[in-house]
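Visitor: Residues are numbered in our numbering as their position in the sequence shown, beginning at 1, plus a constant of 444.
Any given hint could turn out to be false.
Each computed DMTMM-like pair below joins lysine to aspartate or glutamate, with the alpha-carbon atoms no more than 25 Å apart [to be verified]:
no., residue 1, residue 2
1, K486, E472
2, K658, E610
3, K596, E610
4, K483, E600
5, K597, E518
6, K658, D682
7, K596, E651
8, K491, E600
Worth flagging that the hints you see were computed from the coordinates, not collected in a lab.
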Amino acid sequence: MIINQPNSEEFQKLAHNCLAQAFNLIFEMDKAIFDFGEKALKEDVWKYSQGRLNTAVVLIHQTIESFMKASICETSPLLLLEGRRKDWPVLPGQDDRDFNDFYSTPAEALLRTYAATTKRSLSPDVVDHVEAIRTLRNRIVHGISRTALTPKKLIEDILDTFLLFEGPDVWWNALLQEFANHPLADAMGIHFGTQLAEFAERLDYVEASVGKAKFDRQFTLNTRARRYICPFCKLQWDAGVGYGRYPYTWAFLDKDSEGGPVVICLNCNIETPVVRKDCWYTACKGSVRFYGEDKDEIFCLTCGQIQYSGTEAEYVARQEQRRLEEQERVEKYLQEMLAKQTVDGQGSLPQSDAKKKRNRKKNESKE
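Whenever a hint applies, use it, and build me the whole structure from the sequences.
Guide: Spelled out as C-alpha cells, the structure:
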C-alpha cells in the first residue's frame, strides 16, 4: 500500500505558514523605511530588496499550490500522484511505498485536477490569479526576472490568494495564529499582551497599502464603520508600555448584541461589553465607554481618556485646588530651606564643617 499519505489539513497549514512568511518578509522590509523616516528612499530600498520580494513571490506560489492540494486531498491524495497506476503497490502481497517516493502532479496539471474536484465555485479570477503568479514565479526561478516588484502589489497578491481560495477573514486569522502559537508565546508573559496590542500595526499598514475598499473586502465585519479603541488591547498596551495613548482603533460596535452592546476587535478577535454613554470630556464626541474593575479602567473608547464620576466643572475645580495645594507645598518647602540657611555678610551660604576644616588646613599651609 501507499503509506504516509498527506491530508487536507496538512496542506492547509502549509499554505497559511507560507503566506504568513511572505507577508512578514514584505512588512518588516517596508516598515523599516517608515520607522527611520526615510520615505524618500523607498524606491531605492525596494530596488535593493528585489531578492527578498522575489522570495515572497515563491512563497505565494507555494501557498497557491498548497491550497489546491488541500482541496484535492478532500477527494483523494492519490490524485496528486503522477505516473502509471499499474506501478502503485495496492495489491495484496506488494511491499509498501512512501507517498513521497512517487512523482507528483506538475503545476500545469494541478490546476485542472483542482478544478475537477473542488467543491467551491471556480471563477475566471481564480484561474487568472494562479496563472499570473505561476508565470512570475517561473521567471524568478528559471531565469532572470526583470519585473520590478513593489510591496503594494505583493500585499494585494497575498490578500487575493486568501480571498479566492478560502474567503474573507482567513488571512488575518492566519497571521494571528502564526503569532499566538509560537512556542515562546507563553514565556513572553506581559510582553505577549503588549506585542498582541501592537500587532494591529499590520492592519494599519495593509489598509494604507491597498486602500480602504480592497481592505474592507477581506473581512465580514464592515471595516468602514466607526472605529473604537479595543479595551483589551489598550489594557495590554498600558500594562506593557505604561505611557502614551494606545494608537490603534480596530474595534467595531455591535449595539444589537443579545447580551447588550459590545465592541468586536479585529486585531485580537475579542468581544468586550461596553456602555453607551457620552464621554466625560465635552471636547470628545465619543459615546461608548468601557467599565473595568478599577476606577482607572473606566475610559472612553474614542479618546481613551479615563472617565470621572463628577461634572466637568467639579473636575476643573478639583484640578485647580490640586494646583494651589502643590504651589503652597513648594512655597513652604522653599521657606523652610531658607530658614535653615544663615547668610554671611557677603551673601554666601554657610560652609559645612568639613569644608571649613579643609579651608583652615589650606590657609595654614600657605602660612
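Visitor: Hints numbered earlier in the text: which of these fail when held up against the supplied structure?
Guide: 5 and 6
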